[in-house]
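Number of protein chains: 2
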Amino acid sequence: MSFFSQSRKIRHDKLKDKIAESPFMTDSELAVFLNVSVATVRLDRMTLGIPEVRERVLLVAEKHVSDSDGISEIIDIEENVRGVSVMNTNEEMCFPGTDIVKSQYIYSMAEDVAMKVTNMKAALINVANIKYKSTVNKGVKLVARCSVKSVRTSDSLVWVMVYNNSVEVFRCKFLMQEKGCDRS
Amino acid sequence: MSFFSQSRKIRHDKLKDKIAESPFMTDSELAVFLNVSVATVRLDRMTLGIPEVRERVLLVAEKHVSDSDGISEIIDIEENVRGVSVMNTNEEMCFPGTDIVKSQYIYSMAEDVAMKVTNMKAALINVANIKYKSTVNKGVKLVARCSVKSVRTSDSLVWVMVYNNSVEVFRCKFLMQEKGCDRS
DNA sequence: GTTAATATTATCACCTGGTAATAAATTAAT
DNA sequence: ATTAATTTATTACCAGGTGATAATATTAAC
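Chains as they are written, first to last, in our numbering: chain A, 1 to 184; chain B, 1001 to 1184.
Because the hints were derived from the structure by calculation, they are not lab data. Be aware that a few hints might be false.
As the list claims (entries may be wrong) - Mimicking DSSO-like on lysine-lysine, the simulated pairs with C-alpha atoms at most 30 Å apart in a straight line are:
#	chain 1	residue 1	chain 2	residue 2
1	B	K1173	B	K1116
2	B	K1121	A	K133
3	A	K141	B	K1179
Source: prediction; values computed, not measured.
All chains should be modelled from the sequences, with the hints used to inform the complete structure.
See the structure below:
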């Protein structure tokens, strides 16, 4: 079929790379970049199955809103005593190509609930001792239970345990110190 | 002046709320929602300084790309031995209303570099012992140095230290265990 | 009830960034 | 030089707007 479509193949690759790199470029911008006509860019997009700018922008934007709902939510709280939060795990939280949630998301959940319970605006978590019991998969509902073990003027000692379907998957101790907006 | 602009005020509030809640609605969809004409929606948007759908979508999308470049970047690596990564801190990473970066971002940086250095696809971080020396503000460049202390068939012991302008701000020990995509 | 002010709606021409289809020009291989 | 693949140009159309102007409510005050 295409014996001399070398240049075209190269252009297709350049197009794919460019769009992956900066998805908000219009066809005419891409035409300038590739040094071809707008018509050619459109043809190339069609054959490669790449949607138009507006759809590409929309895809990125929708992804954004979908991963900001992965935030944990406080469902019960007794200030400086205890608190409970929940978080649904999703695709975005996983190691690429797997169903296993990165521990940083569980850590974040723990930090967030600890901050709420201790009612701190900003904190330095001096020490954290963490134990993960098992991996967590996407699509599960995690529950974090936080309890304050001691409150001192200088710092607070807080425990957080995270459960997946009543099975403990994570626990940590935080030694937290409140910080103002000023530099220490 | 505006004696009977009560209903208009209410409509303006409804409009602002709706757009904040779901920013991807077109004027005609908003018109149906508010039970007014498209012309009115446009006028309202103008007086409230709300941009059109496409710009709103673009804003959300741009926000998305801007905070995914807050991700740490590996700049040097010797597999299973050591590695260095850098990350620029930004507004998005801070406790609301402050310039202090949440520890979860520093933890994430540490986890990411540890994963790269140990060349694991997915891992269970069994134990993490963490010490934060001081708070980190937005707008700084953090450098993480990771070194592998021991590699065994079952697990690896990894240290990560994070520096802000040569001052150590964070250190941790990870006991990491590689996991496949299968459930354990 | 009439009037004047304010609010809403309708209409029109125009813009951007596309789709879809077709014809014409270019280019490489034989 | 001929042929076939490839690229470009052209045209008509669409969605979701902007901006301006005019017509039509709606309401308060007289």
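(message) Checking each numbered hint in turn, tell me which of them this model violates, lowest number first.
(response) none
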